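J.: With the sequences and hints as input, model every part of the structure.
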Amino acid sequence: MILLMAMLLLMAEGDPVKHFPAKDVEAAAAKLVAATLDKGEKYTVMVNRRKEAGQSEVHAVDTDVFYVMDGAATFTTGGAIVGGKTTAPGEIRGAGIQGGTRRRISKGDILTIPFGTPHWFSEVHGTVTYLIVKIANGK
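Residues are numbered in our numbering as their position in the sequence shown, beginning at 1, plus a constant of 90.
What the hints contain is simulated information worked out from the structure, not anything from laboratory work. Take these hints with a grain of salt, some might be off.
[Said to hold, decoys possible] Restraint-style ranges between C-beta atoms, simulated for each label pair:
#: 1; residue 1: Gly-189; residue 2: Asp-128; range: 30 to 40 Å
#: 2; residue 1: His-215; residue 2: Pro-106; range: 17 to 27 Å
#: 3; residue 1: Gln-188; residue 2: Val-107; range: 20 to 30 Å
#: 4; residue 1: Ser-196; residue 2: Ala-120; range: 12 to 22 Å
#: 5; residue 1: Asp-114; residue 2: Thr-176; range: 14 to 24 Å
#: 6; residue 1: Ala-185; residue 2: Ala-150; range: 16 to 26 Å
[Said to hold, decoys possible] Restricting the straight-line Cα-Cα distance to at most 30 Å, the calculated cross-link-like pairs of lysine-lysine (DSS-like) are:
#: 7; residue 1: Lys-129; residue 2: Lys-175
#: 8; residue 1: Lys-129; residue 2: Lys-113
#: 9; residue 1: Lys-175; residue 2: Lys-108
#: 10; residue 1: Lys-141; residue 2: Lys-175
#: 11; residue 1: Lys-108; residue 2: Lys-129
#: 12; residue 1: Lys-224; residue 2: Lys-175
#: 13; residue 1: Lys-141; residue 2: Lys-113
#: 14; residue 1: Lys-132; residue 2: Lys-197
#: 15; residue 1: Lys-141; residue 2: Lys-121
#: 16; residue 1: Lys-224; residue 2: Lys-197
#: 17; residue 1: Lys-121; residue 2: Lys-175
#: 18; residue 1: Lys-141; residue 2: Lys-197
#: 19; residue 1: Lys-108; residue 2: Lys-121
#: 20; residue 1: Lys-108; residue 2: Lys-224
#: 21; residue 1: Lys-132; residue 2: Lys-175
#: 22; residue 1: Lys-197; residue 2: Lys-108
#: 23; residue 1: Lys-141; residue 2: Lys-129
#: 24; residue 1: Lys-108; residue 2: Lys-132
#: 25; residue 1: Lys-132; residue 2: Lys-113
#: 26; residue 1: Lys-121; residue 2: Lys-224
#: 27; residue 1: Lys-175; residue 2: Lys-113
#: 28; residue 1: Lys-224; residue 2: Lys-141
#: 29; residue 1: Lys-132; residue 2: Lys-224
#: 30; residue 1: Lys-224; residue 2: Lys-129
#: 31; residue 1: Lys-132; residue 2: Lys-121
Owing to the predicted nature of the structure, the values given are computational and were not obtained by experimental measurement. C-beta: ideal position from N, C-alpha, C; glycine also.
T.: Have a look at this one:
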């Protein structure tokens, strides 16, 4: 699946092939902060590791594609952002989500979160490591 996502991005951007060895991806993920692996005009590839719930968020422009590399979490989508504040142009973050759909995600799962969709790691069960592909295709 990761290969398919990468191929689609490269076809869309016309960029030369970029290779990120597993050891480099794991080293970036070990930092417990989102690490950017690559950034193009219309995409960003990141890796992140979480130990706890984060802020809820909604993007006006970016569609997110997540691939869960390891671990498990409860992920909430839809509903309404609680206490939302604009943190950057087209980016709103909040304290949670009211309503929405909760789903348990775990190693091997892929999620696509279209721009304009509130989303939130509402619970993390141990640690969760995931690859993020942000595609700028919104407003």
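J.: Could you run down the list of hints and mark each one as holding or not?
T.: Against the structure, the hints come out as follows:
One distance hint, 30 to 40 Å for the beta-carbon pair Gly-189 and Asp-128, holds here, with the actual separation near 35 Å. A C-beta distance of roughly 39 Å is found between His-215 and Pro-106, which places it outside the suggested range of 17 to 27 Å. Remark: the range hint 20 to 30 Å for Gln-188 to Val-107 is contradicted by a beta-carbon distance near 43 Å. Distance hint check: the CB atoms of Ser-196 and Ala-120 are about 19 Å apart, consistent with the given range 12 to 22 Å.
At about 33 Å, the beta-carbon gap between Asp-114 and Thr-176 misses the expected band of 14 to 24 Å. Separated by about 19 Å at the C-beta atoms, Ala-185 and Ala-150 satisfy the suggested range of 16 to 26 Å. For the hint linking Lys-129 to Lys-175, the alpha-carbon distance of about 25 Å falls within 30 Å, and the restraint holds. Using a Cα cut-off of 30 Å, the hinted pair Lys-129 and Lys-113 holds, with the two alpha carbons roughly 19 Å apart.
Taken as a hint, the Lys-175 and Lys-108 pair is broken in the structure, with Cα atoms around 35 Å apart against an allowance of 30 Å. Proximity of Lys-141 to Lys-175 is assessed by CA-CA distance (about 24 Å); at most 30 Å being required, the pair is judged to hold. Taken as a hint, the Lys-108 and Lys-129 pair is honoured in the structure, with Cα atoms around 11 Å apart against an allowance of 30 Å. Note on Lys-224 and Lys-175: the hinted pairing holds, with a Cα-Cα distance of about 21 Å set against a maximum of 30 Å.
Using a Cα cut-off of 30 Å, the hinted pair Lys-141 and Lys-113 holds, with the two alpha carbons roughly 21 Å apart. At most 30 Å may separate the alpha-carbon atoms for a hinted pair to count; Lys-132 and Lys-197 meet this at roughly 27 Å. The hinted pair formed by Lys-141 and Lys-121 meets the criterion: a straight-line CA distance of about 11 Å does not exceed 30 Å. For the hint pairing Lys-224 with Lys-197, the CA-to-CA distance comes to about 19 Å; that is within 30 Å, so the pair holds.
Under the criterion of a C-alpha separation no larger than 30 Å, the hint pairing Lys-121 with Lys-175 is consistent with the structure, at around 27 Å. Distance restraint check for Lys-141 and Lys-197: the Cα-Cα separation of roughly 15 Å lies within the 30 Å cut-off, and the hinted pair is therefore satisfied. Pair hint Lys-108 plus Lys-121 holds up; C-alpha atoms about 22 Å apart against a cutoff of 30 Å. Proximity of Lys-108 to Lys-224 is assessed by CA-CA distance (about 16 Å); at most 30 Å being required, the pair is judged to hold.
Between the alpha carbons of Lys-132 and Lys-175 the distance comes to roughly 24 Å, so the proposed pair stays at or under 30 Å and holds. Between the alpha carbons of Lys-197 and Lys-108 the distance comes to roughly 24 Å, so the proposed pair stays at or under 30 Å and holds. For the suggested pair Lys-141 and Lys-129, the alpha carbons sit about 25 Å apart, so the restraint of at most 30 Å is met. With a CA separation close to 16 Å, the supplied pair Lys-108 and Lys-132 stays within the 30 Å bound.
For the given pair, Lys-132 sits about 26 Å from Lys-113 by alpha-carbon distance, which is consistent with the 30 Å threshold. Taking the CA atoms of Lys-121 and Lys-224, the gap is near 20 Å; set against the 30 Å cutoff, the hint holds. At most 30 Å may separate the alpha-carbon atoms for a hinted pair to count; Lys-175 and Lys-113 exceed this at roughly 37 Å. Simply put, Lys-224 and Lys-141 have alpha-carbon atoms about 22 Å apart, close enough for the 30 Å limit, and the pair holds.
Our distance criterion of 30 Å between C-alpha atoms is met by Lys-132 and Lys-224, whose separation comes to about 8 Å. With a C-alpha separation of about 9 Å, the suggested pairing of Lys-224 with Lys-129 holds against the 30 Å cut-off. A hinted pair counts as satisfied when its Cα atoms are at most 30 Å apart, and Lys-132 with Lys-121 qualifies at roughly 25 Å.
Hint compliance for this structure: hints 2, 3, 5, 9, 27 are not met, and every other hint is.
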